[in-house]
Amino acid sequence: MAQMITREMGKPINQARAEVAKSANLCDWYAEHGPAMLKAEPTLVENQQAVIEYRPLGTILAIMPWNFPLWQVMRGAVPIILAGNGYLLKHAPNVMGCAQLIAQVFKDAGIPQGVYGWLNADNDGVSQMIKDSRIAAVTVTGSVRAGAAIGAQAGAALKKCRTGTGRFGSIYCA
Numbered sequence: 261m262a263q264m265i266t267r268e269m270g271k272p273i274n275q276a277r278a279e280v281a282k283s284a285n286l287c288d289w290y291a292e293h294g295p296a297m298l299k300a301e302p303t304l305v306e307n308q309q310a311v312i313e314y315r316p317l318g319t320i321l322a323i324m325p326w327n328f329p330l331w332q333v334m335r336g337a338v339p340i341i342l343a344g345n346g347y348l349l350k351h352a353p354n355v356m357g358c359a360q361l362i363a364q365v366f367k368d369a370g371i372p373q374g375v376y377g378w379l380n381a382d383n384d385g386v387s388q389m390i391k392d393s394r395i396a397a398v399t400v401t402g403s404v405r406a407g408a409a410i411g412a413q414a415g416a417a418l419k420k421c422r423t424g425t426g427r428f429g430s431i432y433c434a
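Following my numbering from start to finish, the sequence shown increments by one per residue and tops out at 434.
Since the hints were made in silico from the structure, they are not lab data.
Treat the hints with care, since some could be wrong.
No more than 27 Å apart at the CA atoms, straight line, and that leaves these computed lysine-lysine pairs for DSS-like [what the hints assert, rightly or not]: (1) Lys299 x Lys350; (2) Lys299 x Lys420; (3) Lys420 x Lys391; (4) Lys391 x Lys282; (5) Lys282 x Lys271; (6) Lys350 x Lys391; (7) Lys350 x Lys271; (8) Lys299 x Lys391; (9) Lys271 x Lys367; (10) Lys299 x Lys271; (11) Lys299 x Lys367; (12) Lys367 x Lys350.
Using the sequences and the accompanying hints, generate a full structural model.
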């Protein structure tokens, strides 16, 4: 994986290896702590017993950048899948080899077919996916322009959306 990161986007090999190690540590952390995070939580609401339950949304479309081609995907995909959702990756066009390798990692880890997927799409293709009823929500990490465009399209389609842009940080619209 580190060699593919270096080949596709030019990151020095030592930094690519560090990205792989950080991503592996994230997987280990969620394997240990994730199930407890998703347990139902008893609580009181207006002096009445209630329970907070975490339920899957469905398939999340994730539009990810090239600069951390493994880390950006894993930090979103692992908790999304752990919570019972599907994850559909639209990666940056210059890191499609990384996208293929990440898919193989999930397959090798035993993730069932159809839970994790990836595709190559242009802006029109992304717009069509956002409108598709099989997509429950959208997450994008990228430029302010990309975040604004994706956020507007998700809003028009009444989809939950999380944008992470360098200039303004994260914005979540439900």
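Now for the hints, and whether the structure bears them out:
Distance check on the hinted pair: Lys299 and Lys350 sit about 30 Å apart at the alpha-carbon level, beyond 27 Å; violated. Our distance criterion of 27 Å between C-alpha atoms is met by Lys299 and Lys420, whose separation comes to about 23 Å. As the CA atoms of Lys420 and Lys391 are separated by approximately 12 Å, the hinted pair is consistent with the 27 Å bound. Restraint check for Lys391 and Lys282: the C-alpha separation of about 34 Å exceeds 27 Å, so the hint is violated.
Proposed proximity of Lys282 and Lys271 is supported: the alpha carbons are some 15 Å apart, at most 27 Å. Straight-line distance between C-alpha atoms of Lys350 and Lys391 comes to about 15 Å, which keeps the hinted pair within the 27 Å bound. The hinted pair formed by Lys350 and Lys271 meets the criterion: a straight-line CA distance of about 20 Å does not exceed 27 Å. Restraint check: the Cα-Cα separation between Lys299 and Lys391 comes to about 32 Å, which exceeds 27 Å; the hinted pair is violated.
Between Lys271 and Lys367, the direct Cα distance comes to roughly 25 Å. Compliance with the 27 Å bound is thereby established for this hinted pair. Between the alpha carbons of Lys299 and Lys271 the distance comes to roughly 39 Å, so the proposed pair goes past 27 Å and is violated. For the proposed pair Lys299 and Lys367, the alpha carbon gap of about 26 Å is at most 27 Å, so the pair holds. With a CA separation close to 17 Å, the supplied pair Lys367 and Lys350 stays within the 27 Å bound.
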